[in-house]
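Engineer: Sequence:
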Amino acid sequence: MKARLNHHAVNPEAYQTMLKLEKFVNESGLDKKLIELIKIRASQINGCAFCLDMHTQDARKLGETEQRIYLLSVWRESAVYTEAERAVLALTEAVTVITANGVPEELYQQVREHFDENQYVALIMAINTINSWNRLAISAGMSAPFSL
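Start counting the sequence shown at 1; every next residue gets the next number (the UniProt record's numbering).
Fair warning: there could be bad hints in the mix.
Stated by the list, open to error - 25 Å max Cα-Cα, derived SDA-like pairs, lysine to any residue: (1) K23 - T96; (2) K2 - D58; (3) K20 - K61; (4) K33 - G47; (5) K2 - K61; (6) K33 - Y108; (7) K20 - Q119; (8) K23 - S132; (9) K33 - R4; (10) K33 - M125; (11) K32 - K2; (12) K23 - N101; (13) K32 - A100; (14) K33 - Q16; (15) K32 - R76; (16) K32 - L21; (17) K2 - E13; (18) K20 - A49; (19) K20 - I124; (20) K23 - S139; (21) K2 - V74; (22) K20 - R76; (23) K61 - S143; (24) K2 - S143; (25) K23 - E106.
As the list claims (entries may be wrong) - Have a look at the derived ranges for each label pair, beta carbon to beta carbon: (26) E106 - V80: 39 to 45 Å; (27) Y108 - R76: 17 to 23 Å; (28) V97 - Q119: 19 to 25 Å.
Rather than coming from a laboratory, the hints here were simulated on the basis of the structure.
Cβ coordinates follow ideal geometry from the N, Cα and C atoms, glycine included.
All chains, full assembly: derive it from the sequences and hints.
Structural biologist: What follows is the structure in structure tokens.
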């Protein structure tokens with residue numbers, strides 16, 4: 001893929017707005033490794049090579065294992081994720097492809113077994129933010145590794 005434009009140079013205000021969302025997520029109190037799992041899983045679904053490259057590297061820097069990164073696309077068939085992580089991965093998938101089934105009540109209750117209302121909103125914001133980054137990167141023609 002050839003880069004179409006440098007979105008942060010072309011529209012710095014839009015880029016700064018995205019950074020504010022990222023700051024909110026990073027300061028939400030959610031576990032940093034969990035945030036990276038969200039980013040990787042949404043990026044896999046959306047087919048964003050740029051974000052996958054970035055967030056698998058970020059996850060490794062936080063101490064995430066290669067095995068858990070490799071198995072993320074098949075998390076349902078793997079025993080390496082906690083029940084809380086599994087709930088968040090299911091939520092990530094539901095929100096990323098929200099037109100398919102929305103967020104079913106059963107899934108909401110499953111997530112709420114592990115996270116309070118405030119954390120639930122933070123999780124939704126984390127999922128929404130990476131989905132926005134994915135759409136921006138793909139639309140701008142960013143690929144891994146990125147170059148203009």
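Engineer: Indicate, hint by hint, whether the structure satisfies it.
Structural biologist: Now the hints, each set against the structure:
About 20 Å separates the Cα atoms of K23 and T96, which keeps this hinted pair within 25 Å; it holds. Annotation: proposed proximity of K2 to D58 holds, straight-line Cα distance about 24 Å (limit 25 Å). For the suggested pair K20 and K61, the alpha carbons sit about 22 Å apart, so the restraint of at most 25 Å is met. Among the hinted pairs, K33 with G47 is consistent with the structure: their alpha-carbon atoms are about 21 Å apart, no more than 25 Å.
For a cut-off of 25 Å, the pair hint linking K2 to K61 is broken: about 28 Å separates their Cα positions. Distance hint between K33 and Y108 is fulfilled; the C-alpha atoms sit about 21 Å from each other, no more than 25 Å. Note on K20 and Q119: the hinted pairing holds, with a Cα-Cα distance of about 18 Å set against a maximum of 25 Å. Restraint check for K23 and S132: the C-alpha separation of about 14 Å stays at or below 25 Å, so the hint holds.
For the proposed pair K33 and R4, the alpha carbon gap of about 31 Å is over 25 Å, so the pair is violated. With a C-alpha separation of about 16 Å, the suggested pair K33 and M125 falls inside the 25 Å cut-off, and the hint holds. Restraint check for K32 and K2: the C-alpha separation of about 31 Å exceeds 25 Å, so the hint is violated. Distance restraint check for K23 and N101: the Cα-Cα separation of roughly 29 Å exceeds the 25 Å cut-off, and the hinted pair is therefore not satisfied.
For the suggested pair K32 and A100, the alpha carbons sit about 28 Å apart, so the restraint of at most 25 Å is broken. Between K33 and Q16 the alpha-carbon distance is near 24 Å, which keeps this suggested pair within the 25 Å criterion. In summary, the hint linking K32 to R76 is supported, as the alpha carbons are separated by about 21 Å, within the 25 Å threshold. Restraint check: the Cα-Cα separation between K32 and L21 comes to about 15 Å, which is no more than 25 Å; the hinted pair holds.
Annotation: proposed proximity of K2 to E13 holds, straight-line Cα distance about 24 Å (limit 25 Å). Simply put, K20 and A49 have alpha-carbon atoms about 23 Å apart, close enough for the 25 Å limit, and the pair holds. The suggested pairing of K20 with I124 holds, with an alpha-carbon distance near 15 Å, which does not exceed 25 Å. Restraint check for K23 and S139: satisfied, since their Cα atoms lie roughly 22 Å apart, inside the 25 Å limit.
Restraint check for K2 and V74: the C-alpha separation of about 30 Å exceeds 25 Å, so the hint is violated. Our distance criterion of 25 Å between C-alpha atoms is broken by K20 and R76, whose separation comes to about 32 Å. Pair hint K61 plus S143 holds up; C-alpha atoms about 21 Å apart against a cutoff of 25 Å. In summary, the hint linking K2 to S143 is supported, as the alpha carbons are separated by about 8 Å, within the 25 Å threshold.
A hinted pair counts as satisfied when its Cα atoms are at most 25 Å apart, and K23 with E106 does not qualify at roughly 30 Å. For E106 and V80, the Cβ-Cβ distance of about 23 Å falls outside the hinted range of 39 to 45 Å, so the restraint is violated. Separation of Y108 from R76 is about 18 Å and conforms to the stated range, judged on CB atoms against 17 to 23 Å. Under the hint 19 to 25 Å, the C-beta atoms of V97 and Q119, about 22 Å apart, fit the expected range.
Violation of the numbered hints given earlier is confined to hints 5, 9, 11, 12, 13, 21, 22, 25, 26; the remaining hints are satisfied by the structure.
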